[in-house]
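Chains G and W are the protein sequences, given in the same order.
At position 258 of the first sequence (counting the first as 1) the number is 258 in my numbering, and the numbers step up by one without a gap.
At position 113 of the second sequence (counting the first as 1) the number is 113 in my numbering, and the numbers step up by one without a gap.
What the hints contain is simulated information worked out from the structure, not anything from laboratory work.
A few of these clues could be false.
To be verified - Calculated cross-link-like contacts (lysine to aspartate or glutamate; reagent style EDC-like; alpha-carbon spacing at most 16 Å):
#1 W/Lys-5 <-> W/Asp-52
#2 W/Lys-28 <-> W/Glu-193
#3 W/Lys-124 <-> G/Glu-16
#4 W/Lys-28 <-> W/Asp-194
#5 W/Lys-28 <-> W/Glu-3
#6 W/Lys-28 <-> W/Glu-192
#7 W/Lys-140 <-> G/Asp-21
#8 W/Lys-124 <-> G/Asp-21
#9 G/Lys-178 <-> G/Asp-139
Residue strings, one per chain:
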Amino acid sequence: MTDATFGATPAGHTVEGIRADYMAQVQRRRLYGGLTLMIFVILMVSGFTVADSRNAGGFWDGLNQLGDYPGEVLAEAWANRANLPALIVRFLPALIETVNIAAVSTLVGAGAGLVLSLLSTRGLARWPRLTPLFRRLMDIMRAMPEIVIALVLIFVLGGGPVPAMIAIAIHTAGALGKMYSEVAENADLKPVEGLTSTGATWAQKMWLGVLPQVAPNYISYSLLRFEINIRASAILGFVGAGGLGYELRNSMSWGLGRFDEAAAIFLLLFGTIVLFDQVSSRYRNRLTEGHAK
Amino acid sequence: MLEVKALTKRFGENIAVGNASFSVDRPKMIGIIGRSGAGKSTLLRMLNRLSDASEGEIWFEGTEVTALRGRQRRQWQSRCAMIFQQFNLVPRMDVVSNVLHGTLNRRSTLATMFNLYPQDDIHKAIEILDRLGIAEQAPKRAEALSGGQQQRVAIARALMQDPSIILADEPIASLDPMNAQIVMEALRRIHEEDGRMVIANLHTLDTARRYCDRVIGMRDGRIVFDGTPEQLTTGVARDIYGAGADFSEAATSTAIEMLDRQPHKAAPAVALV
Numbered sequence: 001m002t003d004a005t006f007g008a009t010p011a012g013h014t015v016e017g018i019r020a021d022y023m024a025q026v027q028r029r030r031l032y033g034g035l036t037l038m039i040f041v042i043l044m045v046s047g048f049t050v051a052d053s054r055n056a057g058g059f060w061d062g063l064n065q066l067g068d069y070p071g072e073v074l075a076e077a078w079a080n081r082a083n084l085p086a087l088i089v090r091f092l093p094a095l096i097e098t099v100n101i102a103a104v105s106t107l108v109g110a111g112a113g114l115v116l117s118l119l120s121t122r123g124l125a126r127w128p129r130l131t132p133l134f135r136r137l138m139d140i141m142r143a144m145p146e147i148v149i150a151l152v153l154i155f156v157l158g159g160g161p162v163p164a165m166i167a168i169a170i171h172t173a174g175a176l177g178k179m180y181s182e183v184a185e186n187a188d189l190k191p192v193e194g195l196t197s198t199g200a201t202w203a204q205k206m207w208l209g210v211l212p213q214v215a216p217n218y219i220s221y222s223l224l225r226f227e228i229n230i231r232a233s234a235i236l237g238f239v240g241a242g243g244l245g246y247e248l249r250n251s252m253s254w255g256l257g258r259f260d261e262a263a264a265i266f267l268l269l270f271g272t273i274v275l276f277d278q279v280s281s282r283y284r285n286r287l288t289e290g291h292a293k
Numbered sequence: 001m002l003e004v005k006a007l008t009k010r011f012g013e014n015i016a017v018g019n020a021s022f023s024v025d026r027p028k029m030i031g032i033i034g035r036s037g038a039g040k041s042t043l044l045r046m047l048n049r050l051s052d053a054s055e056g057e058i059w060f061e062g063t064e065v066t067a068l069r070g071r072q073r074r075q076w077q078s079r080c081a082m083i084f085q086q087f088n089l090v091p092r093m094d095v096v097s098n099v100l101h102g103t104l105n106r107r108s109t110l111a112t113m114f115n116l117y118p119q120d121d122i123h124k125a126i127e128i129l130d131r132l133g134i135a136e137q138a139p140k141r142a143e144a145l146s147g148g149q150q151q152r153v154a155i156a157r158a159l160m161q162d163p164s165i166i167l168a169d170e171p172i173a174s175l176d177p178m179n180a181q182i183v184m185e186a187l188r189r190i191h192e193e194d195g196r197m198v199i200a201n202l203h204t205l206d207t208a209r210r211y212c213d214r215v216i217g218m219r220d221g222r223i224v225f226d227g228t229p230e231q232l233t234t235g236v237a238r239d240i241y242g243a244g245a246d247f248s249e250a251a252t253s254t255a256i257e258m259l260d261r262q263p264h265k266a267a268p269a270v271a272l273v
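Just chain G, same shape as in the assembly (with noise of 0.2 Å):
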């Protein structure tokens, strides 16, 4: 095929050849499409017809009820506000106890997750045909809930943030691990042939060569998984785990007339959010360019 031919196309592929097996093409792929969108609105629509039938109250019955807790609770909430500001001074030791229990577990879980992901990423692995058996092992702990894993711990530890932290640590090594790995997948694989010619070991060529590629990436999925574990940390704190979640679990039943309880946690949860992604988007910031802004 040569790129200088101008204006008549060699013999054989006329135009309208061209444009014929175009056109069929387009046909196809368009009837593909909308078959494809048919068959999702037809599970769609069966499938929440089936939901809405056995649905105890009923979908349609419930929609118009579905703002009466949240509306109660800001009722409430108001009527106390004058509390509030020394509901979040109460409330504040145990945020920060869900917060701890959030960060150890998210270093924990993330340099778990750095080392599986490397050790499961082709191109890079330390064994090569070890991958799978690594994949398998992040799949496991994605799989199992934190709940379960925690419930299993506070009865064989007992209760407090310990087990929690390791529930949580050991789901983030597995969500961590997987997206670390993609990330390490597209790595320049140049920088690390130069630390090959050099004679590096393996961890030196992952610690000189991908890393210093990967950390903007890592970094921002670390972040991202922090906040997530906050409010993971959170639940955890109702099957015992202390923290913040004890409290509203206390305070947010419905008729114990403690609603400003659990509006100044909500308040507390939504303001560290905020708080570390601002933090963390300014972090983030100055490690991709370099400066800060």
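Take the given structure of chain G and dock chain W to it, following the hints.
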């Protein structure tokens, strides 16, 4: 037809384009030359309204282009096609779809999201591809094509817009000499056959001389030369590029026939910083 009045673009303290004025009364092929950083790209991007001018006005056929907003601005962009140095195609879509992107301004967002284009448009796209000699590549993905072919797809997308003006920002800077010639000849032919105005940023003098009716020279954001290729003497060129007496046109050339025109004494290698 096209009138640019005291156009200025500032980036913080720096002036990328300063007080640029020129007018074009009928469709011509215009080459803008100057060394990199002279403000050529910024000027073209302001003409297309890819970026906003800090000061000054652009008028086209009685409309103040610099004042257009929203839908009208997008309409102007569809009348004023742009071709880029790095082609700027969607790599994972097929060639015809890329060409059909030239009609986006005329079609509804929903239809184009599902890649639904009228049959007439598809036929026209393939005709344009045939005119540029790449109809055979129609069903391939854009990323599978060579640089020269991709640039011709980009020209086809521009033609699909049926524009009054075609802006070309360094259209041949990432191509080899053979493909550069094909692309420049295609642009020249579009100018001659369709009567469209073409404004091209060029980094080599001889390309500007050879294909353009009018040459505008820029240096440090200002227009320092505006005239016919004949008026562009070596002395003027030295001025535009800020080069010394050892400047030779052959040193910057990428044209194939320049190889024969090389002076017999060894030409000094000129580094144009």
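(message) To test your reading of the hints: which numbers does this structure violate?
(response) none
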